[in-house]
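Please construct the entire structure, taking both the sequences and the accompanying hints into account.
Residue numbers (UniProt numbering), protein chains in the order written: chain H, 1 to 280; chain W, 1 to 280; chain V, 1 to 280.
Misleading hints may appear alongside valid ones.
Where chains are identical, the list cannot tell them apart; a pair therefore holds if satisfied intra-copy or between any two copies.
[To be verified] Keeping only pairs whose Cα atoms sit at most 20 Å apart, straight-line, the calculated EDC-like set for lysine to aspartate or glutamate is: (1) Lys231 with Glu80; (2) Lys217 with Glu80; (3) Lys231 with Asp246; (4) Lys195 with Asp246; (5) Lys231 with Asp85; (6) Lys195 with Glu152; (7) Lys217 with Glu152; (8) Lys217 with Asp75; (9) Lys156 with Asp246; (10) Lys217 with Glu186; (11) Lys217 with Glu109; (12) Lys217 with Asp230; (13) Lys195 with Asp146; (14) Lys156 with Asp85.
Since the hints were derived computationally from the structure, they do not count as laboratory data.
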Amino acid sequence: MDEAILKQVIEAVAQASPGGVPSAPAADAAAGFPLNNQQYTEKREQDVTSHCKAITEYVGSAMGDTVGLVIANLDRHLHESMGLDPRYRSIGIVSSRTGAGPQIMAADEAVKATNTEVVSIELARDTKGGAGHGCTIIFASEDVSDSRRAVEVALKELPRTFGNVYPCDAGHVELHYTARASLALEKAFGAPAGKSFGILVGAPAAIGLLMADTALKTANVEIVTYASPDKGTARSNEIIATITGDSGAVRQAVISARDVGVSVLRSMGHNPVSMTQSNL
Amino acid sequence: MDEAILKQVIEAVAQASPGGVPSAPAADAAAGFPLNNQQYTEKREQDVTSHCKAITEYVGSAMGDTVGLVIANLDRHLHESMGLDPRYRSIGIVSSRTGAGPQIMAADEAVKATNTEVVSIELARDTKGGAGHGCTIIFASEDVSDSRRAVEVALKELPRTFGNVYPCDAGHVELHYTARASLALEKAFGAPAGKSFGILVGAPAAIGLLMADTALKTANVEIVTYASPDKGTARSNEIIATITGDSGAVRQAVISARDVGVSVLRSMGHNPVSMTQSNL
Amino acid sequence: MDEAILKQVIEAVAQASPGGVPSAPAADAAAGFPLNNQQYTEKREQDVTSHCKAITEYVGSAMGDTVGLVIANLDRHLHESMGLDPRYRSIGIVSSRTGAGPQIMAADEAVKATNTEVVSIELARDTKGGAGHGCTIIFASEDVSDSRRAVEVALKELPRTFGNVYPCDAGHVELHYTARASLALEKAFGAPAGKSFGILVGAPAAIGLLMADTALKTANVEIVTYASPDKGTARSNEIIATITGDSGAVRQAVISARDVGVSVLRSMGHNPVSMTQSNL
Numbered sequence: 001m002d003e004a005i006l007k008q009v010i011e012a013v014a015q016a017s018p019g020g021v022p023s024a025p026a027a028d029a030a031a032g033f034p035l036n037n038q039q040y041t042e043k044r045e046q047d048v049t050s051h052c053k054a055i056t057e058y059v060g061s062a063m064g065d066t067v068g069l070v071i072a073n074l075d076r077h078l079h080e081s082m083g084l085d086p087r088y089r090s091i092g093i094v095s096s097r098t099g100a101g102p103q104i105m106a107a108d109e110a111v112k113a114t115n116t117e118v119v120s121i122e123l124a125r126d127t128k129g130g131a132g133h134g135c136t137i138i139f140a141s142e143d144v145s146d147s148r149r150a151v152e153v154a155l156k157e158l159p160r161t162f163g164n165v166y167p168c169d170a171g172h173v174e175l176h177y178t179a180r181a182s183l184a185l186e187k188a189f190g191a192p193a194g195k196s197f198g199i200l201v202g203a204p205a206a207i208g209l210l211m212a213d214t215a216l217k218t219a220n221v222e223i224v225t226y227a228s229p230d231k232g233t234a235r236s237n238e239i240i241a242t243i244t245g246d247s248g249a250v251r252q253a254v255i256s257a258r259d260v261g262v263s264v265l266r267s268m269g270h271n272p273v274s275m276t277q278s279n280l
Numbered sequence: 001m002d003e004a005i006l007k008q009v010i011e012a013v014a015q016a017s018p019g020g021v022p023s024a025p026a027a028d029a030a031a032g033f034p035l036n037n038q039q040y041t042e043k044r045e046q047d048v049t050s051h052c053k054a055i056t057e058y059v060g061s062a063m064g065d066t067v068g069l070v071i072a073n074l075d076r077h078l079h080e081s082m083g084l085d086p087r088y089r090s091i092g093i094v095s096s097r098t099g100a101g102p103q104i105m106a107a108d109e110a111v112k113a114t115n116t117e118v119v120s121i122e123l124a125r126d127t128k129g130g131a132g133h134g135c136t137i138i139f140a141s142e143d144v145s146d147s148r149r150a151v152e153v154a155l156k157e158l159p160r161t162f163g164n165v166y167p168c169d170a171g172h173v174e175l176h177y178t179a180r181a182s183l184a185l186e187k188a189f190g191a192p193a194g195k196s197f198g199i200l201v202g203a204p205a206a207i208g209l210l211m212a213d214t215a216l217k218t219a220n221v222e223i224v225t226y227a228s229p230d231k232g233t234a235r236s237n238e239i240i241a242t243i244t245g246d247s248g249a250v251r252q253a254v255i256s257a258r259d260v261g262v263s264v265l266r267s268m269g270h271n272p273v274s275m276t277q278s279n280l
Numbered sequence: 001m002d003e004a005i006l007k008q009v010i011e012a013v014a015q016a017s018p019g020g021v022p023s024a025p026a027a028d029a030a031a032g033f034p035l036n037n038q039q040y041t042e043k044r045e046q047d048v049t050s051h052c053k054a055i056t057e058y059v060g061s062a063m064g065d066t067v068g069l070v071i072a073n074l075d076r077h078l079h080e081s082m083g084l085d086p087r088y089r090s091i092g093i094v095s096s097r098t099g100a101g102p103q104i105m106a107a108d109e110a111v112k113a114t115n116t117e118v119v120s121i122e123l124a125r126d127t128k129g130g131a132g133h134g135c136t137i138i139f140a141s142e143d144v145s146d147s148r149r150a151v152e153v154a155l156k157e158l159p160r161t162f163g164n165v166y167p168c169d170a171g172h173v174e175l176h177y178t179a180r181a182s183l184a185l186e187k188a189f190g191a192p193a194g195k196s197f198g199i200l201v202g203a204p205a206a207i208g209l210l211m212a213d214t215a216l217k218t219a220n221v222e223i224v225t226y227a228s229p230d231k232g233t234a235r236s237n238e239i240i241a242t243i244t245g246d247s248g249a250v251r252q253a254v255i256s257a258r259d260v261g262v263s264v265l266r267s268m269g270h271n272p273v274s275m276t277q278s279n280l
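So, in structure tokens, the structure goes:
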């Protein structure tokens, strides 16, 4: 009977304290990163019921503690302090604790789909104790409905773009690929508009360097930007390289970078897994 | 009987492991932030008994892993390396892992009450995995007793100033208001001395922007500074705006900013609560 | 009987959830820092069995989530983007989530022992939620075997150099001493080559300042560099001072700095303990 009680109690404790008695791989993957998409959605809906007041500026939220907001008519003085183009009165904002790459990729799809401009992309050193960035992306438009639409599109893209982020307790490997870069990628990395573009991120930083080297040797691609803890990042523990070239070459380079990055984290004894579902 | 044992055991486990089986709101509020003041004091006194050696430079500690130290006669070469005014031999230091706003507000009261100057305020990217800052504030005086007194006053103010910090797992909302800004606020933000002054902080950063916009639209206040992850912060995931104006207007603006900030975090499915007790 | 079940269950829960019901000092020491060396090695070997693919560039890993990699023939374009001296084709990399001092000290021994140069040392704001840095150190050589050897030596030194890091939940105290500084310390801090050299680190930052003051007053040593959250760090919550002088004086100064730093953390109610074994 003792055994039966024991089992029952452990289950009760595990249930009462999420993460209290986790299975090892799940714990590893979740370390320093938000819940996966399914868990996240559940949690949000559950919690929200009792508290939520309707805020007209609130558009929605998504993985990575990403919040989407819209301001129809930004205060004139604030507009000046932020140094925004006075042409635009309305802004949409996508802001996260975890992730810059996924949000920038999502914003790139959003500007393609809407009549907005990406006026600002700022990176914070965050990921809630992880090795990377959070970000704040501002869309601007003359009409507020365009900014709102851009935020909606970006939030909806996030489960897809987070699919190529592979976190574990020791760091993470993150990759992004698009066949046609648009204005968000141009703003963030000087990506050549309309061309294939890839982003390679590894943490601890050395992994990003090896990923970049592997990518450049695998296929006929060019390096666009190279960022490291001292330069081009918000002092994150990442090396971030971006590449361009023919569509097939960029894709092949990105995949080879992922494989070598994931293998190094595994060699370190960890088990990086996609935050949603890989789509490369 | 099984039920009774179950309950007893869960209590025992919860007691043995602080935070092990917490009630949900408490866990949310504590995420990435230190214990509230009551818990903190208890913990400190308990642990200290066996280890503590008397260090004359140690003044005390407080919430946010804040330590207060005093150096009666700072080494001359160190003085130079730090670039401090050679006039002052004695310094008092308030340094924290979590919180810059609460400590700066507390330091502002301390300079009002003592014969000291605030010679340095530095922000670190910290909060122990949270989205914000830690800080290091240096008071200087000719007589060491003045610096010591300033540190004591500042530490004593912290439970009050932390009352307007509302953390949750996704970020935080933080507000500060004073009817009369003094030298610490002037040093940190260029606050006009003797005037009403308010600080608005939101994380993830977008929340701070919406709070600033709301404050400026609510009452007749002027923006003094605007800081974001790329500029004016230590790459924290915050937007920080400061405002001035008539006393009633600043207070009203700060309260409206708090309400909108807290509502956004709630819409995201979280439950931000004051770290001690709100005093706005 | 209830008591017996209770005890059995608590043990079971503690076992199932590492860190779930820890003894106080262990929990304190581990906060925000990786496992100690013994635990780490065990964990790594256990996890690695099923996943590991052989990557020729992978040299090994060590405490602080430190990874050692080697690239025999760095891509020419990447070489340019990184701004490295074109003379060297091969690089070795030591990159960590936790720790800059221990890795720099280890790299200093590695350059003494091998035919390599330290071409880059970058600091990230990391320690996985702790107050300090991660780092990325690049060795370069004409022959890849030299770079590989340097990485191997550095990884092997880490358990020793981590011995003088004393973490606890509130911050950490870290010290390093060498009788003869070499090229890694020269690169990182402008250490005078061949002379005795000491590094003093305290977090929250105020502790580092008191440690520096104590060191300078204890023995006849000179300050070489002084770094604080705003200047010279990657916005970490540390004050870092480096000192030089006669061998005995530097050693004595470092020890006195350690004692005062550890005492302050204890006064705050914490119990900082060496991550491996002190060797001062």
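Evaluation of the provided hints:
Taking the shortest alpha-carbon separations for Lys231 and Glu80, only the inter-copy value of 15 Å comes in at or below 20 Å, while the best intra-copy value is 28 Å. Within a single copy, Lys217 and Glu80 get their C-alpha atoms only as close as 46 Å, which misses the 20 Å cut-off; across copies the closest is 15 Å, which meets it. Proximity of Lys231 to Asp246 under the C-alpha cut-off of 20 Å is found in neither arrangement, the shortest distances being 28 Å within a copy and 36 Å between copies. Taking the shortest alpha-carbon separations for Lys195 and Asp246, only the intra-copy value of 8 Å comes in at or below 20 Å, while the best inter-copy value is 54 Å.
Taking the shortest Cα distances, Lys231 and Asp85 sit within 20 Å of each other only across copies (18 Å), while inside one copy they are farther apart (27 Å). In this assembly of identical chains, Lys195 and Glu152 lie within 20 Å of each other by CA distance neither inside one copy nor across copies; the values are 25 Å within and 42 Å between. Taking the closest pair of Cα atoms, Lys217 and Glu152 never come within 20 Å of each other, the shortest separation being 38 Å inside a single copy and 25 Å across copies. Taking the shortest Cα distances, Lys217 and Asp75 sit within 20 Å of each other only across copies (7 Å), while inside one copy they are farther apart (50 Å).
Taking the shortest Cα distances, Lys156 and Asp246 never come within 20 Å of each other, neither inside one copy (28 Å) nor across copies (43 Å). With identical chains, the CA atoms of Lys217 and Glu186 are never at most 20 Å apart, being 24 Å at best within one copy and 33 Å at best between copies. Taking identical chains as interchangeable, the C-alpha atoms of Lys217 and Glu109 are never at most 20 Å apart, the minima being 29 Å within one chain and 32 Å between chains. Proximity of Lys217 to Asp230 under the C-alpha cut-off of 20 Å is found in neither arrangement, the shortest distances being 25 Å within a copy and 33 Å between copies.
Within a single copy, Lys195 and Asp146 get their C-alpha atoms no closer than 25 Å, and across copies no closer than 40 Å, so neither meets the 20 Å cut-off. Proximity of Lys156 to Asp85 under the C-alpha cut-off of 20 Å is found in neither arrangement, the shortest distances being 27 Å within a copy and 45 Å between copies.
Comparing the model with each earlier hint shows violations of hints 3, 6, 7, 9, 10, 11, 12, 13 and 14; every other hint is respected.
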